[in-house]
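Fit chain B to the known structure of chain A by using the hints.
Here are the chains, one letter per residue:
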Amino acid sequence: MDHDLAPTGPGWLVALETSGLGESLRQSVWLYPLVEITHILGFALLVGAILAFDLRLMGIRAPLLPADALARLLLPVAVTGFALAIPTGLLLFTTEATALAGNPAFLAKLALIGLALLNILAFHRLAGRRMADWSLSDRPPPGARFAGAASLALWVGVLACGRLIAYL
Amino acid sequence: MTPARPLALAALLSASLAWPAAAHHGWGGYESDKEMTLTGTVQQIAFNNPHAMLNLQADGKVWHVVLAPPSRMSTRGLPADSIKPGQTVTVVGYPAKSDPAELRAERITTADKTIELR
Numbered sequence: 001m002d003h004d005l006a007p008t009g010p011g012w013l014v015a016l017e018t019s020g021l022g023e024s025l026r027q028s029v030w031l032y033p034l035v036e037i038t039h040i041l042g043f044a045l046l047v048g049a050i051l052a053f054d055l056r057l058m059g060i061r062a063p064l065l066p067a068d069a070l071a072r073l074l075l076p077v078a079v080t081g082f083a084l085a086i087p088t089g090l091l092l093f094t095t096e097a098t099a100l101a102g103n104p105a106f107l108a109k110l111a112l113i114g115l116a117l118l119n120i121l122a123f124h125r126l127a128g129r130r131m132a133d134w135s136l137s138d139r140p141p142p143g144a145r146f147a148g149a150a151s152l153a154l155w156v157g158v159l160a161c162g163r164l165i166a167y168l
Numbered sequence: 169m170t171p172a173r174p175l176a177l178a179a180l181l182s183a184s185l186a187w188p189a190a191a192h193h194g195w196g197g198y199e200s201d202k203e204m205t206l207t208g209t210v211q212q213i214a215f216n217n218p219h220a221m222l223n224l225q226a227d228g229k230v231w232h233v234v235l236a237p238p239s240r241m242s243t244r245g246l247p248a249d250s251i252k253p254g255q256t257v258t259v260v261g262y263p264a265k266s267d268p269a270e271l272r273a274e275r276i277t278t279a280d281k282t283i284e285l286r
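Note that the protein sequences, when read in sequence, are chains A and B. FYI, the numbering for the first sequence is 1 to 168, going by my numbering. FYI, the numbering for the second sequence is 169 to 286, going by my numbering.
The hints are simulated quantities; they were obtained by calculation from the structure and are not laboratory data. Wrong hints could be hidden among the right ones.
To be verified - Here are the in silico distance ranges between beta carbons for each label pair:
1. Leu117/A to Asp227/B: 34 to 42 Å
2. Ser24/A to Glu199/B: 30 to 38 Å
3. Pro66/A to Thr243/B: 46 to 54 Å
4. Arg72/A to Lys252/B: 54 to 62 Å
5. Asp227/B to Ala6/A: 37 to 45 Å
Built from N, CA and C at the ideal position, the CB exists for glycine as well.
Next up, chain A with everything else stripped away, as it sits in the complex (with noise of 0.2 Å):
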């Protein structure tokens, strides 16, 4: 194991690591774990919204609430959630850009999460595009439970993954 403290790696890795912002939020006392809890927040909001939705897509407790009304409701959530958890993730980044570009639950992270905005896409342009038509006493079509089925397990794994950057 490498334990001389300065980064080592590609140019541009190192060059963000080293950068006036990466080594301000690292030596921060407080900054630092305000990123933290902003990020948190952030994806807090964005999977807890999603996976609500993703239960109702499923047909789990479908009669309660129309589709359409509980998407109006929760996908400006999960937006919200998704613009603080970007740029607070990407600040986070430059803190340790050297050891996060080799960290495999880091990788993995980055894949789920564009896995699952492909399957956000596929949703919307597919079996979600007549949401207001589905009955409220039938479970919504296959391509419905299925993208709901794909999207809970996607965007647990990518907070899993999340998590256990720090432990790889």
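Below, chain B without anything else, positioned relative to chain A:
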């Protein structure tokens, strides 16, 4: 497809990722029954988030010593620049299970102060 399949996939994925979770954070990656005391010279110190670290020349080799987050170090009385290269410090802690030259410190003693890190 039923919801069961992606869920099973996620469970499998999480399980496969979870097993090496021993290295750094928390105390699980350290031998808690092998408390060591090292006194030596600070070679390098990084007063950084997520936790401060220093390289200590002690016991015939260079130990990589993991300390507490800077906020906790400061709150307990050792702010940035209170530990400098060349200075003599004593750390009490536990060796890493995976790395024979890494120590997670439970407390650190400088010339005029001892602080608990946990």
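Tested hints:
1. Leu117/A to Asp227/B: 34 to 42 Å: Violated - the Cβ-Cβ distance for Leu117/A and Asp227/B, about 50 Å, lies outside 34 to 42 Å.
2. Ser24/A to Glu199/B: 30 to 38 Å: holds, 35 Å
3. Pro66/A to Thr243/B: 46 to 54 Å: holds, 51 Å
4. Arg72/A to Lys252/B: 54 to 62 Å: With Cβ atoms ~58 Å apart, the hint holds.
5. Asp227/B to Ala6/A: 37 to 45 Å: 23 Å Cβ-Cβ, so the 37 to 45 Å window is violated.
In this structure, the earlier hints numbered 1, 5 are contradicted, and the remaining ones agree with it.
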